[in-house]
Amino acid sequence: MAAPSVVVVGAGQGGTETAAALRSRGFSGRITLIGAEDALPYQRPPLSKGYLTGSTPADELPLRPRSFFEAQDVELITGTPVTAIDPGDRRITLAGDGGRRVRLRYDHLVLATGARPRVLPVPGASLSGVHTLRDLRDAVALRAELRPGAHLLVVGGGFVGLELASTARLLGLEVTVVESGARVMGRSVSAALAEHLADRHRAHGTRVMTRRELVALHGDDTGRVRVAELDGAERVRADVVVMGVGVLPRTELAADADLPVGDGVLVNATLRTADPAVHAIGDCARFPSPYAGRPLRLESVQNASDQARCVAAAICGTPEPYTAVPWFWTEQCGLRVQLAGITAGHDRTVVSGDVASGRFSVFCFTGERLVGTESVNRPADHMITRRLLAERTASALPGPAEVCRPGFDLKEYQRVRSAG
Amino acid sequence: MPKITYRSPDGTDTVVDVASPCTVMRGAKLHNIDGIEAQCGGSAQCGTCHVYVDDANTLPLPPMHEVEDDVLYGTASPRRETSRLSCQLPVTDAMDGLLVHLPEAQS
Ligand SMILES: Cc1cc2nc3c(=O)[nH]c(=O)nc-3n(C[C@H](O)[C@H](O)[C@H](O)COP(=O)(O)OP(=O)(O)OC[C@H]3O[C@@H](n4cnc5c(N)ncnc54)[C@H](O)[C@@H]3O)c2cc1C
Ligand code: FES
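First to last, the protein sequences are chains A and B.
Note that the UniProt record's numbering has the first sequence beginning at 1, numbered continuously upward.
Note that the UniProt record's numbering has the second sequence beginning at 1, numbered continuously upward.
For the record, the hints were derived by calculation from the structure and aren't laboratory data.
Accuracy of the hints is not assured; some may be wrong.
Said to hold, decoys possible - Listed next, the stretches of chain B that the computed footprint assigns to chain A, with coverage defined by at least 3 CB atoms under 8 Å from CB atoms of chain A: (1) 26-35; (2) 40-53; (3) 91-99.
The beta-carbon is built from N, C-alpha and C at its ideal position, and this holds for glycine as well.
From just these sequences and the hints, can you work out the full model?
Here it is, written out as structure tokens:
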């Protein structure tokens with residue numbers, strides 16, 4: 001029997017790592033990696049950080065060099081969206097040259113289609129100068145408009161929006177962030193971290209407004225945005241606007257093929273959809289997480305990369321539940337912010353370190369159990385938490401009383417544990 | 001151009017020319033060397049570009065900064081005296097002939 005063939009839809013972080021992980025496991029069948037974008041598969045994190053300032057040159061963005069795809073015999077098809085899946089026939093349809101439709105057979109299909117940015121349907125949302133930031137193309141367009149002295153309005157105080165605010169200040173723009181919630185970064189981080197970051201952004205010269213809504217955008221007679229109107233009829237100058245109000249998982253292909261979806265393509269613990277031949281990973285997948293005790297969708301490089309490896313194992317005939325510890329990093333106002341575990345739903349926090357000097361960790365607990373750590377310029381706390389959570393037993397973890405003790409240090413805790 | 005040798009856990013050596021400016025991490029990525037993940041792309045955030053510098057190394061390496069030291073607290077394979085983050089090792093001409101050992105696991 002011929003080796004099975006794998007088609008991966010979406011040549012981003014997860015899709016590219018799936019192809020790589022299959023080959024490093026010795027998978028010898030055909031691998032076709034199909035992406036809608038033209039560029040060689042690339043890393044997104046620099047798009048809101050170093051790519052905009054120039055500290056990450058464009059040639060450092062690709063996840064792998066072009067030679068990788070040739071050397072590993074991965075057929076990379078770029079600039080070509082997949083338009084349909086036919087699970088009955090195990091075929092996908094892609095838009096070929098000149099409107100021709102091409103069908104491709106698979107034994108295993110991996111959906112790694114990522115997510116698209118949400119856009120607030122306010123009047124003026126389609127004026128020129130109004131951006132979203134997800135793809136390289138978005139970053140190229142935005143970069144051309146981030147001129148010193150210009151006024152940038154960031155709508156939404158999430159990770160991407162705040163990173164962008166920080167980067168734009170470095171570039172000499174006047175920056176306003178408008179967040180409709182009570183605090184920045186929504187419910188994904190503790191109040192302690194959210195407040196610290198908002199303060200840092202203010203000290204960095206950014207105007208951060210919470211509990212405020214964007215009502216409309218107004219342009220000049222060339223159709224370019226100039227002014228943002230907030231609730232209460234307040235008007236804010238806005239030469240450039242970026243909507244950073246979250247993303248929607250790209251689930252259309254799965255939904256059209258009658259695979260179950262609901263804020264993500266629904267998969268089981270081994271990342272398989274309702275169809276045994278189809279897996280979904282990364283930003284587009286909703287999976288049961290042992291760290292949350294419920295299904296969730298994560299948007300991180302870690303999640304897309306580790307899920308890619310998990311799916312490669314399953315395709316190679318050794319399925320294992322996905323149990324990698326979730327973690328995330330963000331860089332804002334010169335701070336190194338790292339999150340380990342799933343902290344949403346925590347009911348108690350203990351802050352360790354020195355908040356005033358910007359070197360601390362927020363240990364988040366649900367009851368007595370440590371569910372995660374948010375570290376600001378404390379990489380060891382972050383790294384050790386990842387290791388401790390990976391053991392997945394309560395006995396590995398320090399309790400709140402222990403973390404509260406004066407002089408508590410996770411390095412020391414870990415040292416004593418490994419010695420004992 | 002400096003030559004860097006990457007030795008995989010099974011003992012296989014891959015020798016590549018790494019043009020500076022480039023780190024030992026990027027050298028591995030550009031030459032498709034398996035065994036370095038580098039999830040964070042080189043910003044000393046992930047700890048998945050861990051290498052062991054050869055015990056017998058006498059070539060000059062940059063000193064380890066505090067952040068690198070801290071990140072090495074949580075590597076997937078055990079930390080040793082010789083552990084470094086390969087993204088924090090910019091390649092210089094003086095590093096010609098460097099041998100690094102790839103760990104069993106990065107994540
Ligand atoms: C600006 C920005 C900054 C970020 N910073 C960080 C960070 O600091 N740390 C962190 O951990 N994470 C960060 N992330 C998140 C991280 O980049 C994503 O979680 C990760 O890229 C998800 O990988 P993925 O493979 O699921 O999706 P993606 O990388 O988005 O790839 C999906 C690909 O599929 C393609 N596609 C979609 N539909 C089709 C179709 N029908 N046919 C063909 N191709 C299709 C898309 O065009 C896209 O190229 C950031 C994201 C952004 C946008
Ligand atoms: S690449 Fe992430 S720490 Fe080196």
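Hint-by-hint comparison with the structure:
1. Remark: the segment 26-35 of chain B is confirmed as covered by chain A, as 5 of its residues place a Cβ nearer than 8 Å to a Cβ of that chain, reaching the required three.
2. Given as covered by chain A, the segment 40-53 of chain B passes the check, having 8 residues with a CB less than 8 Å from a CB of that chain where 3 are the minimum.
3. By the rule of at least three residues with a Cβ nearer than 8 Å to a Cβ of chain A, the coverage given for the segment 91-99 of chain B is violated, with 0 such residues.
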